[in-house]
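Chains B, C and D: place on chain A using the hints.
Number of protein chains: 4
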Amino acid sequence: MAIRIFITGGTFDKEYNELNGQLYFKDTHMHDLLELGRCRVSVEIRTLMMIDSLEMTEEDRNLIVHQCNSCEEDKIIITHGTDTMSETARVLARHVKNKTIVLTGAMIPIKFGSSDGLFNLGSALAFAQTLVPGVYVAMNGRYFNWDNVRKNRETGIFEEIK
Amino acid sequence: MAIRIFITGGTFDKEYNELNGQLYFKDTHMHDLLELGRCRVSVEIRTLMMIDSLEMTEEDRNLIVHQCNSCEEDKIIITHGTDTMSETARVLARHVKNKTIVLTGAMIPIKFGSSDGLFNLGSALAFAQTLVPGVYVAMNGRYFNWDNVRKNRETGIFEEIK
Amino acid sequence: MAIRIFITGGTFDKEYNELNGQLYFKDTHMHDLLELGRCRVSVEIRTLMMIDSLEMTEEDRNLIVHQCNSCEEDKIIITHGTDTMSETARVLARHVKNKTIVLTGAMIPIKFGSSDGLFNLGSALAFAQTLVPGVYVAMNGRYFNWDNVRKNRETGIFEEIK
Amino acid sequence: MAIRIFITGGTFDKEYNELNGQLYFKDTHMHDLLELGRCRVSVEIRTLMMIDSLEMTEEDRNLIVHQCNSCEEDKIIITHGTDTMSETARVLARHVKNKTIVLTGAMIPIKFGSSDGLFNLGSALAFAQTLVPGVYVAMNGRYFNWDNVRKNRETGIFEEIK
Chain A
1 MAIRIFITGG TFDKEYNELN GQLYFKDTHM HDLLELGRCR VSVEIRTLMM IDSLEMTEED
61 RNLIVHQCNS CEEDKIIITH GTDTMSETAR VLARHVKNKT IVLTGAMIPI KFGSSDGLFN
121 LGSALAFAQT LVPGVYVAMN GRYFNWDNVR KNRETGIFEE IK
Chain B
1 MAIRIFITGG TFDKEYNELN GQLYFKDTHM HDLLELGRCR VSVEIRTLMM IDSLEMTEED
61 RNLIVHQCNS CEEDKIIITH GTDTMSETAR VLARHVKNKT IVLTGAMIPI KFGSSDGLFN
121 LGSALAFAQT LVPGVYVAMN GRYFNWDNVR KNRETGIFEE IK
Chain C
1 MAIRIFITGG TFDKEYNELN GQLYFKDTHM HDLLELGRCR VSVEIRTLMM IDSLEMTEED
61 RNLIVHQCNS CEEDKIIITH GTDTMSETAR VLARHVKNKT IVLTGAMIPI KFGSSDGLFN
121 LGSALAFAQT LVPGVYVAMN GRYFNWDNVR KNRETGIFEE IK
Chain D
1 MAIRIFITGG TFDKEYNELN GQLYFKDTHM HDLLELGRCR VSVEIRTLMM IDSLEMTEED
61 RNLIVHQCNS CEEDKIIITH GTDTMSETAR VLARHVKNKT IVLTGAMIPI KFGSSDGLFN
121 LGSALAFAQT LVPGVYVAMN GRYFNWDNVR KNRETGIFEE IK
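Chains as they are written, first to last, in our numbering: chain A, 1 to 162; chain B, 1 to 162; chain C, 1 to 162; chain D, 1 to 162.
It cannot be assumed that every hint is accurate.
Unchecked claim - In silico contact screen, one side only, chain A against chain C (beta carbon under 10 Å); selected entries: (1) 21; (2) 71; (3) 113; (4) 115.
Hints were generated in silico from the structure; no laboratory data involved.
Just so you know, these numbers come straight off a predicted model, no measurement behind them.
Backbone N, C-alpha and C fix where the C-beta goes; we use that ideal spot for every residue, glycine too.
One chain only, chain A, in its complex shape (with noise of 0.2 Å):
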């Protein structure tokens, strides 16, 4: 069965408005990626919302559960700003059950140079096949538990809380 990937905005598809200057969302990157990475996975995308993570509400965090409850895959994977990614986890983790779900994002956006979104997606589609049903954030090569995360706002890292 395909694997499930939910768009919710972060940095990861973030723009630069060359008139005024500021950073916005318009389409999700996704396609461009996974055509990059050449990748064979069957995947169904679909953009739930397209915000900054820091602006994510509780209706929102309501919103991804029911999508991810009410899809047929049982692996999906959401892209996600990182500020509150491990929050979300936890919402999931309380009322999303029997799925593999994994969290990633970008710290730079694909737009620019220097972006690590390719290499978190490409890790990201790894965990979403081979983890047992569970929430997990996905980042700098490595997963972790939703309830053993956290990000690091001075480095800008992941790492775990325990």
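Coordinates of chains B, C and D only, in the frame set by chain A:
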């Protein structure tokens, strides 16, 4: 324990010589890619050779086998040209036991635009961390067992034999 | 004699801070670009300031005027934010005589994919070598006299006033 | 009046064939580069051939001469392999009068990382707009008269003969 990364060359590490228009090998780009991916997995990198995989000899493969057996790590990634990647996988499966070995590479050199190398490396690192001992090929976002993989020469895509 | 290159900042040299998602200035990318272009024109580079051109004050412009007048080179390129590039051009035209001054910049930061900076630098260097003394803006592959140029804020394109 | 751009191939437009690892020609990347540079110079683009300049014959050069003479534009840019660029320049100088012709190219293919092509195109467009009628080579940020230029094969740099 760290993941061992062995470099053997292949398209992954090829560069363009602007003086004669030929592709050639200089140094591996592995360190750059790991930095780009903000990778925090502990790795030990060693270059075993820098060759086109069509030129890989039995002696070369014996060297790779020896290195896999003698290194202390039990999770190993090998970058390798795609043309004979599945052949080397078979040799490794015969001679190396109880280690998770993941071969990966690229269809387009890292240094060129539009390379799949960063994506493949991300997935290979994830597969190396999660798959049970055995020999695998990680390409196109997927993993293949050593005894059920071939590169389709017409499409450039890896696929099951059976 | 060498061409003098003065750096003042602008989008050209902006970078993305992955810890807070803001754009900021670190060092100029001028040296990297000249190397990328395999440039063999003799140049002298000096950073005068690293600011957004919307924040450029009269004092800043006086400093640029002073530097243009006091340097020994009579061909000068100034990298500059696009928003007030034509304003600085007017100030320079009033106060600097007998020198060929070419202002240029970028709509997209050099460090991001799809930047116009390398193209603009190539044209600015060529215009500086060939145009008679005067003050010019070089953008969009064209050159404009200081008294007949504005940036169209809606399209981001430079155009004649008349 | 528009600037005429003739495409003849060369490293500038080479691509990497990921199925056989060879470099080859498909379409020109001229349109992409002009878009990247946000170029607003009026241009007319025509592909005359797509060949390595080491394979360019007298017949090929006659065709280029004919096209330069018969097109209505009097400012012409020709993209060309670097190895015989100065040779074609000499042929053009003998047979085309009263037009500004600028030959340019690239040491690294546009499609690879670290290409000088965008920089060279920016300078060629500027030189075509500003130089008096004649035949020139534009490389390394400089322009050379047709009768005083050669490519140094050891350094890859264009230089004066005298």
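Check each numbered hint from earlier against the structure, then list the numbers of those it violates in ascending order. When the structure is compared with the hints, only number 2 turns out to be violated.
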